[in-house]
Amino acid sequence: MFFFIVFMAIDGIATLAERFITQASRAQGLGDGWLRHASIVATVFPASIILWISQKKYTLYKNWLFFCAVCIVLGAIASGTRSSWVGILAVMPFVLYQGAKWSPKKCFALVAIFICITGTIVATPQLQQRAASIANITTDRSNGDRIEAWKSATVMVREKPIIGYGILQGGKVYLQNYRTAADTQGLGHFHNNYVQTVVDSGFMGFIGLIVFIIYSLWIFRRWNCPYSLIGFCAWIGFIVVGFFDYTLGMSAAVKTLWFITGCSLRLYEDI
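Quick note on numbering: the sequence shown equals residues 53 to 323 in our numbering.
A hint or two may mislead.
Claimed, not checked - Taking lysine-lysine pairs in the DSSO-like style, the calculated list, with each CA pair at most 27 angstroms apart, reads:
(1) K158 - K224
(2) K157 - K108
(3) K114 - K307
(4) K158 - K212
(5) K224 - K109
(6) K153 - K108
(7) K203 - K224
(8) K224 - K157
(9) K203 - K157
No lab work stands behind these hints: they were computed from the structure.
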């Protein structure tokens, strides 16, 4: 897990360097896709910050873990992938809640750092515009087209509510029969794990997914153990990013989730 965190930190540095060198609006770093990167960041980032803030004694790694966490966040900002920003923010309340019990000073430092990062985003017009566009569903067609596809998905679900259209078939049927002129891009899938699942597999598949997610969160309910909190926050990050992208269809994103889940369970059992 530590080496995975280090790799993501290196990727963050590479992404930040690419952004400064190319002066492009977005950067990819070592990855090959922004959507995969967002899910992986939201899944791995919690491990770096939780291991740093916990009471576990990693004398050789503590400061490096904090450095890695900062690099991962900076890389996410440089990439311009908004879902990774939302995913990181979504896990922070859980980290700060438990972290305050472990180390109030480190929690205060985290809050101060995030305030500084927020100030930097606000002071940088390009980043400020990117952050503000998260809630823009009119002129920002990346958001607007998603909304239009989700509207059509409600019609599709009403027509086949029980078993859906078949795995990965919903997007094809949508393009052929349900896409409206308002969808300017012609999305091949619904950019949402939950909409995609209910269209493809109906309410039977959707209920199965929700039960599976709840159970996965339940097995990591003992937050007093850092490894349990890592597993819980990894799932929270994945779940949140899944509202904006179809991460269940991304092999690298799913494998990362399973890797963090497996490591967290194994390390928890060893305590």
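Here is how each hint holds up against the structure:
1. The hinted pair formed by K158 and K224 fails the criterion: a straight-line CA distance of about 49 angstroms is larger than 27 angstroms.
2. Simply put, K157 and K108 have alpha-carbon atoms about 16 angstroms apart, close enough for the 27 angstroms limit, and the pair holds.
3. Simply put, K114 and K307 have alpha-carbon atoms about 26 angstroms apart, close enough for the 27 angstroms limit, and the pair holds.
4. Distance restraint check for K158 and K212: the Cα-Cα separation of roughly 51 angstroms exceeds the 27 angstroms cut-off, and the hinted pair is therefore not satisfied.
5. Restraint check for K224 and K109: the C-alpha separation of about 52 angstroms exceeds 27 angstroms, so the hint is violated.
6. For a cut-off of 27 angstroms, the pair hint linking K153 to K108 stands: about 13 angstroms separates their Cα positions.
7. Of the supplied pair hints, the one linking K203 and K224 holds, its CA atoms being roughly 16 angstroms apart against a limit of 27 angstroms.
8. A hinted pair counts as satisfied when its Cα atoms are at most 27 angstroms apart, and K224 with K157 does not qualify at roughly 52 angstroms.
9. Annotation: proposed proximity of K203 to K157 is violated, straight-line Cα distance about 46 angstroms (limit 27 angstroms).
Of the numbered hints given earlier, the model fails hints 1, 4, 5, 8, 9; all others are met.
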